[in-house]
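Given the coordinates of chain A, work out where chains B, C and D should sit on it, guided by the hints.
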Amino acid sequence: MNKVGTIEAAMERIQDGATLLMGGFGVCGIPENLVRALQQRGTKNLTIVSNNAGVEGAGIGLLIENGQVRKMISSYIGENKVLEQKVIAGEIEVELNPQGTLAERVRAGGAGIPAFFTPTGVGTPVAEGKETRNFNGRDYLMETAIRGDVAFVKAYKADKHGNLVYRMTARNFNPVMATAADFVVAEVEEIVEAGQLDAEQIVTPSVFVDMVIKGERYDKRIEKRVNRQKSGAGI
Amino acid sequence: MNKVGTIEAAMERIQDGATLLMGGFGVCGIPENLVRALQQRGTKNLTIVSNNAGVEGAGIGLLIENGQVRKMISSYIGENKVLEQKVIAGEIEVELNPQGTLAERVRAGGAGIPAFFTPTGVGTPVAEGKETRNFNGRDYLMETAIRGDVAFVKAYKADKHGNLVYRMTARNFNPVMATAADFVVAEVEEIVEAGQLDAEQIVTPSVFVDMVIKGERYDKRIEKRVNRQKSGAGI
Amino acid sequence: MTSASKRELIARRVAREFKDGFYVNLGIGIPTLAASYIPEGCEVILHSENGLMGIGDYPLEGEEDADLINAGKETVTTIPGSSFFNAAESFAIVRGGHIDITVIGAMEVDQHGDLANWMIPGKMIKGMGGAMDLVAGSKRVIIAMQHTGPDGASKILKKCTLPLTGVKVVDTIVTEMAVMKVTPEGLLLLEVQPGFTTQQVLEATDADLIVKEPVPTCPL
Amino acid sequence: MTSASKRELIARRVAREFKDGFYVNLGIGIPTLAASYIPEGCEVILHSENGLMGIGDYPLEGEEDADLINAGKETVTTIPGSSFFNAAESFAIVRGGHIDITVIGAMEVDQHGDLANWMIPGKMIKGMGGAMDLVAGSKRVIIAMQHTGPDGASKILKKCTLPLTGVKVVDTIVTEMAVMKVTPEGLLLLEVQPGFTTQQVLEATDADLIVKEPVPTCPL
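Chains as they are written, first to last, in my numbering: chain A, 50 to 284; chain B, 50 to 284; chain C, 6 to 225; chain D, 6 to 225.
Don't read these hints as lab results, they were simulated from the structure. Incorrect hints may have been included.
[As the list claims (entries may be wrong)] Keeping only pairs whose Cα atoms sit at most 20 Å apart, straight-line, the calculated SDA-like set for lysine to any residue is:
id: 1; chain 1: D; residue 1: K173; chain 2: D; residue 2: E208
id: 2; chain 1: B; residue 1: K130; chain 2: C; residue 2: I130
id: 3; chain 1: A; residue 1: K279; chain 2: D; residue 2: L195
id: 4; chain 1: D; residue 1: K128; chain 2: A; residue 2: P174
id: 5; chain 1: D; residue 1: K163; chain 2: A; residue 2: G139
id: 6; chain 1: D; residue 1: K173; chain 2: A; residue 2: E177
id: 7; chain 1: A; residue 1: K179; chain 2: B; residue 2: A164
id: 8; chain 1: D; residue 1: K128; chain 2: A; residue 2: K279
id: 9; chain 1: D; residue 1: K131; chain 2: A; residue 2: G139
id: 10; chain 1: D; residue 1: K128; chain 2: A; residue 2: V131
Every value quoted in this text rests on a predicted model; they were computed, and no experiment measured them.
Isolated chain A, as found in the complex (with noise of 0.2 Å):
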């Protein structure tokens, strides 16, 4: 079983109009090369589904500042202005969901569960044209999965049947987008034989990954580097 593919053979699977998952927490572990390919190749219409909605000149900002991108299903914009300009001028759709509901989504999407319950949002603005239901004295609002027709996630390494892992706080949604798609294209850092994973620290399975990809290059942008002085005790 190999599943290592090329990013031209990935960007044949996404069409005009598609639903896109895409990993990533702001700019980190977003899979940058797939952005990149795709913002090239041009592919429009696109409704994607990502936590964030990247920044001016990286990652999905790349494909809202192409005209390419119709809607977004995300929990925080805030970082990209030209996003906030087309929302204005009414060339972008933006649909907001709690963080912890969109994650929920997603997973439900990925593992066959239709709907759930959450009470997160219930006696807010995300409650409207929900249902709303008691469970032990406690409201809740009903919320549906969410599917892609295809996700990009990006991993730390693969191996070639697709097992994946991740690198710290890169990890966020990624492994979470690999599950809820038809198609699921990884691409990693690097790309090693099967076996050579350890199996107990494998995060996503193979049978959720059906092309693996290494990425040619990882910019991997810093959105507010922080430090703390010598001296101080800092956070």
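Okay, now just chains B, C and D, sitting in the frame of chain A:
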């Protein structure tokens, strides 16, 4: 932070009539030291949530034989003949759940989700008394969360903060049960200092665990020893 | 035909349904046997619902590990590329449609694809284990079983009489006599096993079978 | 009082609510400052909802790692005993009631414990991030904020006017003027910060405050 405790202290946290979540699949990965201590203590009228009911003379079988169990919530109890007799005699109630539904109900209990929908069991005896609902043309059952007063889990190693790693398929239900009780005790084969388990590899974060105990003795009974011949292909 | 040779015939035919790269769950009994007949050059990853993707051979004597078992509680080994996960993740894989084929036994199957394989009223109920999740969630469910029960009665019915495991979940039925597929039109006789005639299959089957002559014989 | 000294006063008082062994989530801004004032001998594990339990110090210059950030997207480090997990697991921790205290800022809080901190109608909405999950799921929610807005208006109201982040979710409010607790009877004035009188707090507060004299002064 040091959550290392004694088995005696753990026993004081479980009262007659408690709901007890237990890890294990068959007798693989069961908290055998905690079970033996619970048998000695004689705590009665327990509702036990566990995929299986142990075998005669091991695991939950010990508690069943000792008359400590009022109800089992499980998916498969076929290995325990004593339980069968007690069910027929009306001494023990059994609630059978599909295995995936059982796992997801406990996960939901630990994740703050009071109910969810699943395709499993639609049109079967499992659906009796449950709400059926159609999403996108398919019927689903609503299943509710399970929580316990106490959870007993078995891990391979713990650090003193209560972070846990497991060993092979002895992982099974343990990480799930560890999320969904008011008081969670993990028994392990080895306890190390915080920082000695790789942060990437921790399966159960310490936040879920209230007490860690080093098991005194591990029998690790094998239910079905099956070997291949040196020459044969086997499974 | 001996019971052993029936079982082998069924397992061999089931294994022909596997494709390279498939993720497959094999139930206890005849389904597990299918692992021995996976075609050459076809890499199939076996799922064990207790938390393992990539079941290997049974261990050599002395190499068993109590911490490494399959869903049938048998000692097993792993393969390169195996991974371990917890029960909730294991059934997220199952329920989420990530298993290509589940092969499972049956007490009864009917022409609508309904399946009964977990309880007989009046007898002690052992539990459904993971069967209900597997048949509800897998992309394709293949039933591997003997065509008739110990009393000679057809296990393939117009309508199941026992409490169900799943409704409209079965795709294909493989027995020692035939291969049948559940279609929107009804139960189609796809192939007849070597040594049996279409007529014999029809006589041994309670369900209405759609027959499109000539019915091919299963390749050996 | 300078804004910086107000922020410090609030953060110091918030940190006194932490107990040894607590798992705590600190929001962006003043709440994050509370990490600097954790009492001696009190070990608190900080949760970052992007997938880290056990946030450490900010890194020294040159030791930043783009793969290791907190929920505010700042570079951080880990502590011994840290662990990483994915977003669904991170919010299973939050929603499941495993976080002992969440400290978060507010635009408005009211005497019923309602909280508004994510949108102002007519202004660009940045999103609620993890705030709604944190306030709905945590065992205890502490609001850390300045008592009044830039215009001098009370941020502690009889009833929130902005779109809500959560209903009846707030337990305690800590400002540079006072500490208040939401009780079934209403909003109780627990303590007055040094340099302020009960009367000053009452005048600066729109909400009805329950005052049980003598109101203690916050210990420094």
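Hints the structure fails to honour: Per hint list: 1, 3, 5 and 8 violated.
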